[in-house]
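Chemist: As given, the protein sequences belong to chains H and R, one line each in that order. Taking the numbering used here, I'd label the letters of the first sequence as residues 11 to 330. Taking the numbering used here, I'd label the letters of the second sequence as residues 3 to 346.
Honestly, the hints are just simulated from the structure, not real lab data. Don't be surprised by glycine CBs; every beta carbon is placed ideally from N, CA and C. One or more of the hints may lead you astray.
Unchecked claim - Stretches of chain R that chain H covers, calculated by requiring three or more beta carbons in the stretch to come under 8 Å of a beta carbon on chain H:
id, stretch
1, 245-257
2, 325-338
Unchecked claim - A few chain R positions that, by computed beta-carbon distances, are all more than 10 Å from chain H:
id, residue
3, ALA191
4, LEU290
5, TYR320
Each chain is listed here by its residues.
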Amino acid sequence: MAEATLRTAPLDRTRLVQWLQTYGVYAGVAALLVVNAVITPHFLTAENFRTQAVQVAPVIIVALGMALVIGTEGVDLSVGAVMALAASVTALYLGYGLLPSLLVVALFAAGVGLANGALVAFVGVQPIVATLALMVGGRGLALVLLPQLKDLRNPSLASLGSGDVLGVPYLILIAAALALLVAFVVRRTTFGRQLLAIGDSRPAAQLAGLPVRRVLIIVYVVCALLAAVAGVLATARLRAGDPTSLGNLMELSAITAVVVGGTPLTGGRVNIGGTVAGAVLIQLLTATLIKHDLPPSWTQIAQAIVIVAAVYAARGRGKR
Amino acid sequence: MTTTNTDVPVTTASIEPPQDAHPVGSARSERLSALVQQHGASAVLLIVSMVASFSFDSFATGDNISNMATSSAFLAIVALGMTFVIVTGGIDLSVGSLFALGGVLAAWGSRHGTLVALLLPLAVCGLIGVVNGLLVARSRLAPFIVTLAAMLGARGLMLALTDEGADTYLIGKGSFLAELGQGSTLGLANPVWITLGLFVGGAVVLRRTRFGQHVYAVGGNEDAAALMGAPVARTKILVYALSGLLAGLAGALNAAWLASGVTILGSGMELEAISAVVIGGTLLTGGLGYVSGSLVGVLLLKVIQNVINQIGSLDSSYQQVVSGAFLAVVVIAQTWLGRRRQLM
């Protein structure tokens, strides 16, 4: 019904709406930058940009995985729990060296992703519910493994969190590299096309003979692995394993970044550039509110409004 | 299914061609599936309770049972609203935040009298529920994302009211509100009576009213329901409003019970409520569900929690692992049972 009214509307308006849906997020980022440059003191400093970018890097990394899952018309609520799990496991195995602990983290994350993917692909459970079980179970496991915050004194972990190349922190470089990699996979590989086809219509993909189950499982495993990378990087930056609060509400931030960035929740389309910009937009919005002494509760309310507004604007896009 | 060789229908069926054998077996296994779906949770509850009362002397004591009943009451009220939402095929992730918000509003309002303390949380949480419903029904947004946003927004509102969680509002002793939450009637705590009353009411509404029929119809097949003339949008708005209202009420009663509005409550409650509803036999795909099942689901979750506490050496993080695993198992079983029924 919405489609019909859209078609009969004057062409200019349709174009404007489409333009806003695709590029609105960049316009929003630009607008926030300009507004902040004018009203926020010390905004236009390299130090501030560095801080903002380092803060947003884990969100971007989680959102990349979330974008892939949403592209298949799924959703992954367990990403925050996987971050917490990564923090716990890193803290537990750091004694054996950074690399071995990272391998164990990867194993745990792959296990969570495999469980999510199997529930969705083989059992046919709705993604929200499948990942909801691991959202709670995963954080519980993280707390069982490491009941409280633990300080980590490991030079290689510390340098991962705060080191840089020519002044650009590792965190930003890693996030940028992963974004390019995921964008390449979505746009240029068979796997990416299969993923989008499944999101477009799973029955059609099945009829076309695509390896639907395999692709779905890989997507959930990749999403969990990316969340684990974000968890390790956040842990490295904090220099502490924090299973209680690390990754709290991360699923929400990641979904918001993806949706604000123009990827429809109905699947079949993935916008990686928009997802990165979406994460930056939320980060800037939060930073703006905090810098002007508005309490954290207001930023939560503002984020809620942005989510609803973004989903509302994206309504009727994609299929249906 | 074919273990009972002496059974007459199966023997005759096995002689007849396979096409005829199929319906006989399917009717039987469908009945079995339906039975497990509807009463599986009650059976598990019975078994777990029996094992627990044999294993722990402190389990089947009057004190422990009444404690479990009281602490179940608040979750049960939330699960009641969630049942309606899930039967329409939706989901409400905002109930945990609304529970906390309801508690803070009740405690804050209690200084202006009992009426304010009770009506304020109902009004605010009910209103947020209406907004959820409007966005889901009229704007056709995905229920999980709308209610996820409401979860964030309601928690923000709650934090804004409590100076970022620093202020705790107390409920004066001896007030009617405190009596409502802490008192007991005929040996059962008042919140338990209120919960039982709400469940009876909820069951009547879902089973015996036109609105209840609409709830099932919308969850069964939305387009068919619309064609039959069921007010789809209004039904959806009402169920989300009901869910918000009940979450707020549960929060208010919980605050009255604790004598203060505690800001850290309610996180993870949406999962507990959804688990209880699903365990109780309500299908997440909508169209099928039982109010009584949700009550059994809540009791089962609380009994398992209690057992974990009794074991003692296990700390509370295990509860999260167990409830997550439990939800996964139930959902797998349910999907499997549902698929059997569809295929046959």
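Chemist: Each hint should be assessed against the structure and marked as holding or not.
Modeler: Do the hints match the structure? See the list:
1. Under the rule that three or more residues need a Cβ within less than 8 Å of chain H, the assignment of the stretch 245-257 of chain R is violated, with 0 such residues.
2. A stretch counts as covered by a chain when three or more of its residues have a beta carbon under 8 Å from one of that chain; for the stretch 325-338 of chain R and chain H the count is 9, and the coverage holds.
3. At the 10 Å boundary, the C-beta of R:ALA191 stays outside the reach of chain H, the nearest C-beta of that chain being 27 Å off.
4. Against the 10 Å criterion, R:LEU290 stays outside the reach of chain H, whose nearest CB is about 15 Å from its own CB.
5. A cut-off of 10 Å between C-beta atoms contradicts the statement that R:TYR320 is not in contact with chain H; the least separation is 6 Å.
Violation of the numbered hints given earlier is confined to hints 1, 5; the remaining hints are satisfied by the structure.
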